[in-house]
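Top to bottom, those sequences are chains A and B. Position one of the first sequence corresponds to residue 10 (the numbering used here), numbered consecutively onward. Position one of the second sequence corresponds to residue 200 (the numbering used here), numbered consecutively onward.
Everything labelled a hint here was simulated from the structure, so no lab data went into it. Treat the hints with care, as some may be off.
[As the list claims (entries may be wrong)] Beyond 10 Å from chain B on every Cβ pair, some chain A residues (computed):
id	residue
1	G82
2	Q91
3	A94
4	L95
5	M122
6	G146
7	S171
8	N277
9	D278
10	E292
11	G312
12	A322
13	T349
[Claimed, not checked] Label pairs and their in silico Cβ distance ranges:
id	chain 1	residue 1	chain 2	residue 2	range
14	A	P362	B	Y309	22 to 30 Å
15	B	F454	A	F63	44 to 52 Å
16	B	R374	A	V75	35 to 43 Å
17	A	P115	B	G328	46 to 54 Å
18	B	Y309	A	D160	50 to 58 Å
19	A	A190	B	F293	35 to 43 Å
20	B	L301	A	V75	53 to 61 Å
21	A	K110	B	F456	24 to 32 Å
22	B	F293	A	V75	22 to 30 Å
Idealized CB from N, CA, C, for every residue including glycine.
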Amino acid sequence: MADVVFSNVQKTFGTFTAVRDLDLTIRSGEFVSLLGPSGCGKTTTLRMLAGLEFPTGGTISIDGKVVNDTAPGKRDIAMVFQSYALYPHMTVAKNIAYPLKKRGVPAAERDQMVAKAAEMLQLTPLLNRKPGQLSGGQQQRVALGRALVRDPKVFLLDEPLSNLDAKLRGYMRAELVELHARLGRTMVYVTHDQLEAMTMSDRIAIMLNGDLQQFAPPQEVYRFPANRFVAGFIGTPSMNLIDGELTRAGSGWRFCAASLDVPVGPLNDMAQPGPACLGMRPESLSLGAGEQMAKVLLVEQTGHENIVTLQFAGQIRLTARTTAAQDLQMGADVAFAIDTSALHVFGPGETGPRLNRLLENKSSETDGQT
Amino acid sequence: MTRRILFNLFAWSIVLAVAFPLFWMVVTSIKPQFELFRRPPTILPETVTFEHYWRLLKETNFLIYFRNSVVLSVATTVTVVSIATLGAYSLVRFRYRGRESLAFLVLFTYLLPSVVLIIPLYLMLVTLGLANSILSLVIAYTTFALPYALWLLRSFMAGIPEDLESAALVDGASRLGAFWDVILPQLLPGIISTALFTFILSWNEYLFALVLINSDSARPLTTGVMNMLVSSFNIEWSLLMAASVMMSVPLIIVFAFLQSYLTRGFGAGGVKG
Chain A
10 MADVVFSNVQ KTFGTFTAVR DLDLTIRSGE FVSLLGPSGC GKTTTLRMLA GLEFPTGGTI
70 SIDGKVVNDT APGKRDIAMV FQSYALYPHM TVAKNIAYPL KKRGVPAAER DQMVAKAAEM
130 LQLTPLLNRK PGQLSGGQQQ RVALGRALVR DPKVFLLDEP LSNLDAKLRG YMRAELVELH
190 ARLGRTMVYV THDQLEAMTM SDRIAIMLNG DLQQFAPPQE VYRFPANRFV AGFIGTPSMN
250 LIDGELTRAG SGWRFCAASL DVPVGPLNDM AQPGPACLGM RPESLSLGAG EQMAKVLLVE
310 QTGHENIVTL QFAGQIRLTA RTTAAQDLQM GADVAFAIDT SALHVFGPGE TGPRLNRLLE
370 NKSSETDGQT
Chain B
200 MTRRILFNLF AWSIVLAVAF PLFWMVVTSI KPQFELFRRP PTILPETVTF EHYWRLLKET
260 NFLIYFRNSV VLSVATTVTV VSIATLGAYS LVRFRYRGRE SLAFLVLFTY LLPSVVLIIP
320 LYLMLVTLGL ANSILSLVIA YTTFALPYAL WLLRSFMAGI PEDLESAALV DGASRLGAFW
380 DVILPQLLPG IISTALFTFI LSWNEYLFAL VLINSDSARP LTTGVMNMLV SSFNIEWSLL
440 MAASVMMSVP LIIVFAFLQS YLTRGFGAGG VKG
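Sequences and hints are given; from them, build the entire structure.
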């Protein structure tokens, strides 16, 4: 069991900054996802934790010990790579035994531990095969086996599911969650897939351009996104974001864009009259009744619900979520209402900060918040 | 149909043209002396004799030259492959200033005709007191085999996923350990084709051996055999052909065993992650 602390960590490649002033505390036994689009610095962060990259500044500690200058093999971590990185010339058994061998575990004990790990992952019949003779899912299991065989303090997983097909991915997701529960080890998981991050993690660290945007449990990230980027990145279909103007209205605020003019709840001290961004989840729009009118552009049926794309006030596009029973014709006009109690307001710019006062204190409870 | 027949005829005539000297070499080496210059010549020998081989082994320096060639080629191959493997690893894995220019500079030296280098190299080796030794040839061959070997291995090395090495490092291997356990086995086809290339090159080399060596104890097969059997007045054809056959045998054996690796090698990058 070990906690992992990034303290003011910096990584530059030449003039390019991959990770900027990262402060992040991962508690012992926690499952944390590093989430973000490609090039956001999540893999670099993981590789620094593994010891495969060296931070340009700041410190990284595992279990209270600064590991900046510790070789990867001495950090007591295990890593699963996106490509699995199985040794092609070794059998499955030898692949799994390799980290034990490198640590001088005697052969007899090694065989026992390999057999145990193989049984746990249902690899026993495959032990004498080479990686090239295995399917993607089986290779994935071998990579996991190699990681968990020696019971490391911290597991690092770099997009381990991205090379699997959708069905297997869903299955392996559940397996990993179960494995985490069983082993109780700290796990750091890198992904660009927000569904993986949401379903598996205790907390999610969302990154963009080398900066940490928010570090919070999945529900909090979803309900109280720290800024505009997080709001748009988390959730499928993604949140509707509308650029407009914020104006004072007595003691409260109003948001206007084209023909839309809605009251927004109490805002925090950062709010100023002027350009701002309104966010609403597709589920906060209800179709069929209400004072706003929009044109149905597209209806996507997913089976148990429909995702509807609307055109509103000429150029604004909105996505709404309705029940599959609701019958909507493409091209028809439809009335809709907005649940004003579930609106998000953000400052201008790509990472415009959250301006809602509602539960604003909530985010300061979590560590590592930017 | 006729096109196919014509094509086949063409292909076979080329095969025959290439193979005939080899065939003639073998046939001449087993003909008795009196049959050699008969007109019209006999295609297949009427009497088969191994007396030339016997004489070569018993009465001449052939075995010394053969040993020299083996020592020379093996030493050159080991040196070139060791340096080129580590050099290629450095060029592919590490980031440092001048890395690319260094690689191109190495290739550039390969573009110089080796004849240009003989005299300076000879003078240098004389100054070092190494002239007239097998070591001098090892050094000379290394200078012109290394650039090509480095480039060949570099392309092989680039085909090995870096993740493999990272995984070994995380699994507890040192950098050298990861290189030994993971990189080398992956690089094996590349190493074998590079080694073959270097071995053939040093086994067959003539010009440097002629210039740098003039003592019988250090001569390799190429110059040794010529020196021994070809003089201004006489060429010992039967012995020459027997020597040629025996010179070719080691290469043929090596080729036969490593052929599959060699073809894999020339389709470079065929290393699967």
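For each hint, the structure was consulted:
1. G82: violated (4 Å)
2. Q91: violated (8 Å)
3. A94: violated (4 Å)
4. L95: violated (8 Å)
5. M122: Correct as stated: the minimum Cβ-Cβ distance to chain B is 14 Å, above 10 Å.
6. G146: holds (18 Å)
7. S171: The assertion about A/S171 holds, with a minimum of 13 Å to chain B.
8. N277: holds (44 Å)
9. D278: It holds; A/D278 is separated from chain B by about 46 Å at its closest Cβ, greater than 10 Å.
10. E292: Fine: 40 Å to the nearest Cβ keeps A/E292 off the interface.
11. G312: Holds, because the least Cβ-Cβ distance between A/G312 and chain B comes to about 38 Å, which exceeds 10 Å.
12. A322: Check passes; 50 Å lies beyond 10 Å.
13. T349: holds (50 Å)
14. A/P362 / B/Y309: 22 to 30 Å: violated (60 Å)
15. B/F454 / A/F63: 44 to 52 Å: With a Cβ separation near 47 Å, B/F454 and A/F63 satisfy 44 to 52 Å, so the hint holds.
16. B/R374 / A/V75: 35 to 43 Å: Since the Cβ atoms of B/R374 and A/V75 sit about 22 Å apart, the hinted range of 35 to 43 Å is violated.
17. A/P115 / B/G328: 46 to 54 Å: Holds, since A/P115 and B/G328 (Cβ atoms, about 53 Å apart) stay within the stated range.
18. B/Y309 / A/D160: 50 to 58 Å: Holds - the Cβ-Cβ distance for B/Y309 and A/D160, about 52 Å, lies within 50 to 58 Å.
19. A/A190 / B/F293: 35 to 43 Å: For B/F293 against A/A190, whose Cβ atoms are near 41 Å apart, the range 35 to 43 Å holds.
20. B/L301 / A/V75: 53 to 61 Å: Since B/L301 and A/V75 have Cβ atoms about 36 Å apart, the given range 53 to 61 Å is violated.
21. A/K110 / B/F456: 24 to 32 Å: holds (31 Å)
22. B/F293 / A/V75: 22 to 30 Å: Hint holds: Cβ distance 26 Å, inside 22 to 30 Å.
The structure fails to meet hints 1, 2, 3, 4, 14, 16 and 20 from the earlier list, while all remaining hints are met.
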